[in-house]
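Residues per chain, in single letters:
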Amino acid sequence: KAGVTQTPRYLIKTRGQQVTLSCSPISGHRSVSWYQQTPGQGLQFLFEYFSETQRNKGNFPGRFSGRQFSNSRSEMNVSTLELGDSALYLCASRLAGGSSYNEQFFGPGTRLTVL
Amino acid sequence: DAKTTQPNSMESNEEEPVHLPCNHSTISGTDYIHWYRQLPSQGPEYVIHGLTSNVNNRMASLAIAEDRKSSTLILHRATLRDAAVYYCILREGGYQKVTFGIGTKLQVIP
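Here the protein sequences come in this chain order: X and V.
Okay, so the first sequence: first residue is 1 according to the numbering used here, each after it adds one.
Okay, so the second sequence: first residue is 1 according to the numbering used here, each after it adds one.
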């Protein structure tokens with residue numbers, strides 16, 4: 001079974017631009033979460049989607065948004081990029097959200113550099 | 001959200017046991033204790049989880065204090081491949097703002 005895939009793996013943008021990152025979960029997984037990883041802050045939770053609905057959101061500004069499609073694939077968008085948005089963006093999938101516990105499987109991440 | 005506290009870094013000699021501590025004094029009764037690790041240039045990977053009882057799997061053991069306010073991840077024989085950042089997190093089964101934080105960077109010395 002293929003793992004979580006993220007595209008692109010590397011991205012360079014300039015301040016003020018916007019960017020869209022894509023995540024394909026493991027087949028059969030319906031929940032997708034996004035995280036931002038920076039050296040000083042570790043992994044910070046962005047949001048989780050399940051059944052095309054955002055179920056929870058971390059403490060990030062509205063410039064960070066996401067969506068999930070009917071096939072469980074997810075995209076996140078960052079508008080008006082700032083230098084501080086440079087980070088590794090990780091996507092993780094799990095079987096289901098809600099009251100069922102299940103482990104998360106992470107993708108390799110997208111390395112975003114904002115110049 | 002309940003928080004966890006871990007040492008920033010630890011060292012271990014190869015083939016010796018490693019005990020990675022985690023404090024979670026504000027844990028709720030329904031929080032599961034999870035451990036993940038992140039190898040260099042990879043996304044985090046699941047290691048183990050538990051609720052109240054100690055747990056063992058092929059990768060590690062998890063020892064949970066009786067009051068559940070702390071736990072310890074045990075690697076029985078550290079190898080060079082175990083050099084990674086280890087994260088202790090708390091999670092219920094539902095939707096939560098899960099934050100991994102900085103974790104503990106484990107260095108394994110040959």
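FYI, nobody ran anything at the bench for these hints, they're computed from the structure.
All of these numbers come straight from a predicted model, not from anything done at the bench.
Any given hint might turn out to be false.
[As the list claims (entries may be wrong)] Not the full set, but computed from the structure, chain X residues with beta-carbon under 8 Å of chain V:
no.: 1; residue: Ser-27
no.: 2; residue: Gly-42
no.: 3; residue: Gln-44
no.: 4; residue: Phe-45
no.: 5; residue: Pro-61
no.: 6; residue: Gly-62
no.: 7; residue: Phe-64
no.: 8; residue: Glu-103
no.: 9; residue: Gly-107
no.: 10; residue: Leu-112
no.: 11; residue: Leu-115
[Unchecked claim] The following residues of chain V were derived to be distant from chain X, with all beta-carbon distances above 10 Å:
no.: 12; residue: Glu-14
no.: 13; residue: Glu-16
no.: 14; residue: Thr-26
no.: 15; residue: Gly-43
no.: 16; residue: Glu-45
no.: 17; residue: Asn-54
no.: 18; residue: Ser-61
no.: 19; residue: Val-98
no.: 20; residue: Val-108
[Unchecked claim] The calculated lysine-lysine pairs, modelled on DSS-like cross-linking and capped at a C-alpha distance of 30 Å, are:
no.: 21; chain 1: V; residue 1: Lys-3; chain 2: X; residue 2: Lys-13
no.: 22; chain 1: V; residue 1: Lys-3; chain 2: V; residue 2: Lys-105
no.: 23; chain 1: V; residue 1: Lys-105; chain 2: V; residue 2: Lys-69
no.: 24; chain 1: X; residue 1: Lys-13; chain 2: X; residue 2: Lys-57
no.: 25; chain 1: V; residue 1: Lys-69; chain 2: V; residue 2: Lys-3
no.: 26; chain 1: V; residue 1: Lys-69; chain 2: X; residue 2: Lys-57
no.: 27; chain 1: V; residue 1: Lys-105; chain 2: X; residue 2: Lys-57
Virtual Cβ for every residue (Gly too), placed ideally from N, Cα, C.
Going through the hints against the structure:
Hint on X/Ser-27 is violated. Least Cβ distance to chain V is approximately 18 Å, over the 8 Å limit. A least Cβ separation of about 4 Å between X/Gly-42 and chain V falls short of the 8 Å threshold, and the interface hint therefore holds. Given hint, X/Gln-44 at the interface with chain V, holds; its Cβ is 6 Å from that chain's nearest Cβ, closer than 8 Å. Contact between X/Phe-45 and chain V, as hinted, is supported at the beta carbon level, the nearest pair being about 5 Å apart and thus within 8 Å.
At a threshold of 8 Å, the smallest CB-CB gap from X/Pro-61 to chain V is about 15 Å, leaving the interface hint violated. Proximity of X/Gly-62 to chain V is violated relative to the hint, the smallest CB-CB distance being about 16 Å (cut-off 8 Å). At a threshold of 8 Å, the smallest CB-CB gap from X/Phe-64 to chain V is about 14 Å, leaving the interface hint violated. Annotation: interface hint on X/Glu-103 holds; nearest CB of chain V at approximately 4 Å, less than 8 Å.
Hint status for X/Gly-107 relative to chain V: holds, with the closest Cβ pair at about 6 Å, below 8 Å. The interface hint given for X/Leu-112 is broken, as the beta carbon of that residue sits about 15 Å from the closest beta carbon of chain V, more than 8 Å. For X/Leu-115, the suggested interface contact is broken, since its CB lies about 22 Å from the closest CB of chain V, more than 8 Å. Every C-beta of chain X lies more than 10 Å from that of V/Glu-14, the closest at about 26 Å, which supports listing it as non-interface.
Distance check on V/Glu-16: its Cβ is at least 27 Å (rounded) from any Cβ of chain X, clearing the 10 Å threshold; non-interface status holds. With a cut of 10 Å on Cβ distances, V/Thr-26 stays outside the contact zone with chain X, its closest approach being about 17 Å. Against the 10 Å criterion, V/Gly-43 falls within the reach of chain X, whose nearest CB is about 3 Å from its own CB. A cut-off of 10 Å between C-beta atoms contradicts the statement that V/Glu-45 is not in contact with chain X; the least separation is 7 Å.
No beta-carbon of chain X is positioned within 10 Å of the beta-carbon of V/Asn-54; the least distance is around 18 Å. For V/Ser-61, the condition that its CB be more than 10 Å from all CB atoms of chain X holds, with the nearest at approximately 17 Å. Its beta-carbon lying about 5 Å from the closest one in chain X, V/Val-98 breaks the requirement of being farther than 10 Å from that chain. At the 10 Å boundary, the C-beta of V/Val-108 stays outside the reach of chain X, the nearest C-beta of that chain being 21 Å off.
Under the criterion of a C-alpha separation no larger than 30 Å, the hint pairing V/Lys-3 with X/Lys-13 is inconsistent with the structure, at around 34 Å. Simply put, V/Lys-3 and V/Lys-105 have alpha-carbon atoms about 18 Å apart, close enough for the 30 Å limit, and the pair holds. Of the supplied pair hints, the one linking V/Lys-105 and V/Lys-69 holds, its CA atoms being roughly 22 Å apart against a limit of 30 Å. This hinted pair checks out: X/Lys-13 and X/Lys-57 have alpha carbons roughly 25 Å apart, not beyond 30 Å.
Distance check on the hinted pair: V/Lys-69 and V/Lys-3 sit about 11 Å apart at the alpha-carbon level, within 30 Å; holds. Between V/Lys-69 and X/Lys-57 the alpha-carbon distance is near 26 Å, which keeps this suggested pair within the 30 Å criterion. Between V/Lys-105 and X/Lys-57 the CA atoms are separated by roughly 27 Å; this keeps the pair inside 30 Å, and the hint holds.
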